[in-house]
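Chains as they are written, first to last, in my numbering: chain A, 1 to 320; chain B, 321 to 640; chain C, 641 to 859; chain D, 860 to 1078.
Please note: incorrect hints may appear among the correct ones.
Computed cross-link-like contacts, SDA-like style, restricted to lysine to any residue with a CA-CA straight-line distance of at most 25 Å [unchecked claim]:
#1 C:K693 / B:A548
#2 C:K693 / B:K474
#3 D:K968 / A:R240
#4 A:K154 / A:D167
#5 D:K968 / A:A231
#6 C:K693 / B:I407
#7 C:K693 / D:D951
#8 C:K749 / C:R708
#9 A:K244 / D:H952
#10 B:K474 / B:R413
#11 B:K432 / B:E416
#12 B:K463 / B:A509
#13 A:K112 / B:P401
#14 A:K112 / A:E65
#15 C:K659 / D:K912
#16 D:K912 / D:P886
#17 C:K693 / D:P994
#18 A:K244 / B:E416
#19 C:K693 / D:K968
#20 C:K693 / B:A551
#21 D:K968 / D:G1046
#22 B:K564 / A:K154
#23 A:K244 / B:A523
#24 B:K564 / A:L192
#25 C:K749 / B:A551
#26 C:K659 / D:V993
#27 C:K659 / D:P994
#28 A:K244 / B:L513
Just so you know, these hints were derived from the structure itself, not from any lab.
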Amino acid sequence: MSTPETEENDSEQGERGLPPNLRRDQPLVPVDSAAGRALVAVIAILTFLASLSAGAAVLTARASEQWRGAVANEMTIQVRPDSRRNIEADVARAVEMAQGVASIGEVRAVPKAESDKLLEPWLGAGLDLVELPVPRLIVLRLKGAPGADLAAFKDNLRREVPTASLDDHRLWLRRLSTMANTIILAGVATVLLVLTAAALAIAFATRGAMAGSRDSVEVLHLVGADDAFIAREFQSRFVRLGLKGGGAGGLAAIVAIALLGWFTSRWSAAPESEQLQALFGAFEIGWSGYAVVLLVAVIVAAIAGLVSRFTVRHYLGVLT
Amino acid sequence: MSTPETEENDSEQGERGLPPNLRRDQPLVPVDSAAGRALVAVIAILTFLASLSAGAAVLTARASEQWRGAVANEMTIQVRPDSRRNIEADVARAVEMAQGVASIGEVRAVPKAESDKLLEPWLGAGLDLVELPVPRLIVLRLKGAPGADLAAFKDNLRREVPTASLDDHRLWLRRLSTMANTIILAGVATVLLVLTAAALAIAFATRGAMAGSRDSVEVLHLVGADDAFIAREFQSRFVRLGLKGGGAGGLAAIVAIALLGWFTSRWSAAPESEQLQALFGAFEIGWSGYAVVLLVAVIVAAIAGLVSRFTVRHYLGVLT
Amino acid sequence: MVRFENVGLRYGMGPEVLKDINFSIAPRSFQYLTGPSGAGKTTLIRLILMALKPTRGLVNLFGQDVSRLDPATLTAFRRRMGVVFQDFRLLDHLTVYENVALPLRVLGKEEASYRAEVVELLRWVGLGERMHAVPTVLSGGEKQRAAIARALIGRPELLLADEPTGNVDPNLGRRLLRLFMELQQLGTAVVIATHDLALMELYDAPRLVLADGHLHVDA
Amino acid sequence: MVRFENVGLRYGMGPEVLKDINFSIAPRSFQYLTGPSGAGKTTLIRLILMALKPTRGLVNLFGQDVSRLDPATLTAFRRRMGVVFQDFRLLDHLTVYENVALPLRVLGKEEASYRAEVVELLRWVGLGERMHAVPTVLSGGEKQRAAIARALIGRPELLLADEPTGNVDPNLGRRLLRLFMELQQLGTAVVIATHDLALMELYDAPRLVLADGHLHVDA
Ligand SMILES: Nc1ncnc2c1ncn2[C@@H]1O[C@H](COP(=O)(O)OP(=O)(O)OP(=O)(O)O)[C@@H](O)[C@H]1O
Ligand SMILES: Nc1ncnc2c1ncn2[C@@H]1O[C@H](COP(=O)(O)OP(=O)(O)OP(=O)(O)O)[C@@H](O)[C@H]1O
Ligand SMILES: [Mg+2]
Ligand SMILES: [Mg+2]
């Protein structure tokens, strides 16, 4: 048994050599306790939720950018039929005028058959539109941003072809933007909410750990450790937990997003997906999306570090 | 000081009387520790998120029910203009026929001015539609569910008024339903995810508490407590924590939803809100919504009880 | 009441802490358990408490082989024993009164039925003034006395006390020894693990001496 | 080195545990601190450690009034003291080796620089075989020895030992006492709080006796 060894043994100590691995690289506060694992799990879950919300926001932002880009770079001239005028001549004149404007790149008069087709869903399929004097459309594609010459063009057009009107899709843009902004806002709000939740969870967990380690902290103080030393030990622990949780949650989110993308791409044959595709594009969040997810995970770890540092400092202040 | 009292004191014990409040109503495992508060906070946050998601799902479900109800209870007859026929006579005939059908309650021919207005956004505001032979609409409101007589009516109509066609809005219904179902599904998925998160958090916290109370559990065992007794003590603690957290989170969610409703109703003057109103109705979740929020809170508490019971039982099994 | 036959115990992959232990404890007997630090006194007590399973040999308790006990009997046996832990093992969130009343509370007894008894015992061990305190604010000796009171409150048939006087002054030690002796007279078998020679000289009783994992009896 | 002038202490709203305490500890001195259980020995040691503030009176440490110390000096003073707690206070998640090395580790020393020294001390107190174990699997006496080793490893100027032999056998107690005496010869002032009359008879030294909150010196 471990009755004390005789003094001769002590003199032999040099020859015996020292046992290897004396000090494991253990921090001074317990690391992988069950409470620590609980915190990692909660952080992972919160990171997962935050990442998914962020991903949804990015997805919507990207899709709405596409719409906005497409819609903002396009204008249409609508030529109304008028029994006293020749509509084909009016269309030709408007096309000609548009081609003369510097900031307009491409001009295409939509053939009557095509524009009839556009109206079909609204007027009913069976209607014979050939007989109907529907307005004709001319699609203009802009080069770069809308220039000042467009305003002049608008006036000219109104003067020369009174039945034509230039439409810059403001109404559509606004509707789409409201929709997209709401989704993005909800996503960002969720991210903020979840990050707050994570910060709270970490703060409470740090408090819990500190209360549980109250004795250890007192011992550390009494063997001569100063506050900075103790705070470092706690903080390094919580940053580690935060990184673990954030990493796991972020990874899970990336996998989930990738899976969802794969699913929707397989499912896109179904007619129901049309609507979603219109809203969310091809359900691809791209590199920027993955970067945002990673960013969220990193922010969670950073929050873990900051919050635990603050909590530990505060608590050490209370103790002394 | 507390040096032992002499034996004379002991014989006096009866006269002295017993001190009151000897036993506080403390459970045998610590209740309001910092770790416990951390768990309450996390549960509250998760309940809040789950309740909000559930609220959003209910909101969408209610709104979509309204659309679906409105759309499903409505049918339209479209009467196409035909240069060889008198459109007003056709409309009158179709109205007359519709009024003869048992399952159709109300029949209203949309006046030309009104149906022109419906087309305006699509054809451009400046268009003089008086000259335009646009189709005419007759709105039919059904009594109850669509009956078998409607099919007969459809055939009759086609025969007697060839320019008229009955539209039951299937396309619209499908589009709206897809959209609404997606939102509801996302809401339900979030609720499930968050409930899983809560269950996990509670399981880990119970494990943590049990590991932290390992000594207490051993002491309880050794002074003669059986597993059922110990499990009851732990479980009652965690159910209490779950109720606290769930209650706080649910309350916060109800407040948040009420605030949001108030905000949107104030904000609804703004043109951007139109779109949202169309999707979500008046942002009122109603009693059923609040009931769902409460349900979520109760489920969280129930999960806390079940999960902690299971975890404690399992852990006690491991210990012995 | 307790009988060990060729009991051996090792912790994990370590060396054998106890080897070929043979002894028995008669009802109403009184004995010391002694031996150098680390000899295995606490281990032996944990074996009797069924908190450890022997790696070999037979432990017989109240006439039954403990290796094939069902949980209900195990709990029932433990309720017939009282134990003072070397490190006290009081529950820190309960008051001294609640700690001492614990063995009665887990039996499901009404508080009113044991209240007077608990208070009397607390006064006897000198904790009458401290019964509302939680263990964390007690002095070492006060904790030890609370642990002793908890072991005695159930009037066990077998009392196991691990170093019960290590943190109290000699006067108080004598007083506590008297308490154990009274308990024995009421019918309890008492085992006191101790290093305290002065205590053992105070009241002569058989000594179970552990050394190098073996046990011999000094009568 | 330590000087108390009219020191009084009460916990919270309780009675005064210490009243009008006057004494001083000279460098390189050796003394016992004794008194019945609950007399305030541990409290007095906590006052010297600056883990408690006196409710009245003056505590002077290393020539400075402790009531107006800044945190840095406080830490520096604590590094000049070594303490053996009555309840050991080892960190349960660290091995015995790591626990004993703790005072050196918090000084920021490299592990290689103190390794041999720590191992030697552990062997001296008989924990050579147990240095990789965590405190939870140690016997009571082994924990106590680890706590003593931790207090000694930094070669403090002032050693405060609270009941350092309550859980070890008399042989080992003598051995540990010898260790304290050696330390004193190397220049440390030693205060040993104990109830153990046998120990105090082994090596005669002044006794600070606490009773009813008052302190008198038995030279
Ligand atoms: N859980 C455990 N795991 C591994 N080894 C253990 C464990 N518990 C005790 N030991 C070892 O077994 C030996 C005997 O321990 P035990 O506590 O029975 O000694 P003891 O006689 O009570 O000593 P003391 O008088 O110091 O309390 C010691 O060397 C101890 O380190
Ligand atoms: N934190 C505290 N709060 C309130 N009372 C306390 C606290 N710590 C100790 N006491 C009380 O102060 C008194 C003196 O305690 P102290 O621990 O100093 O005694 P001691 O001389 O070390 O006794 P022992 O020999 O039993 O260890 C005791 O009655 C104790 O209950
Ligand atoms: Mg022991
Ligand atoms: Mg003490």
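Does the alpha-carbon distance linking A:K112 and B:P401 stay inside the 25 Å limit?
Distance ~19 Å between A:K112 and B:P401 Cα, so the pair holds.
Are the Cα positions of C:K693 and D:K968 separated by 25 Å at most?
violated (43 Å)
Taking only the CA atoms, is the gap from D:K968 to A:R240 under or equal to 25 Å?
Measuring from Cα to Cα gives roughly 24 Å; hence the hint holds.
For a C-alpha distance cap of 25 Å, please report whether A:K244 and B:A523 respect it.
holds (19 Å)
Does the structure keep B:K564 and A:K154 at a Cα separation of 25 Å or less?
Since the Cα atoms of B:K564 and A:K154 sit roughly 65 Å apart, the hinted pair is violated (cutoff 25 Å).
Given the hint that C:K693 pairs with D:D951, test it: the Cα-Cα distance must not exceed 25 Å.
holds (24 Å)
With a cut-off of 25 Å on the C-alpha distance, tell me whether A:K244 and B:E416 pass.
violated (73 Å)
Hinted pair, alpha-carbon criterion (25 Å max): B:K463, B:A509. Please report holds or violated.
violated (36 Å)
Pair hint outcome, C:K749 versus B:A551 [Cα-Cα no greater than 25 Å]:
It holds: about 18 Å lies between the C-alpha atoms, which stays within 25 Å.
Keeping to a limit of 25 Å between CA atoms, is the pair of D:K968 and D:G1046 held or broken?
holds (23 Å)
For a C-alpha distance cap of 25 Å, please report whether B:K474 and B:R413 respect it.
holds (14 Å)
Assess, step by step, whether the Cα of C:K659 is no farther than 25 Å from the Cα of D:P994, and give holds or violated.
holds (24 Å)
Checked against the numbered hints listed earlier, the structure breaks hints 2, 6, 8, 12, 14, 15, 18, 19, 22; every other hint is satisfied.
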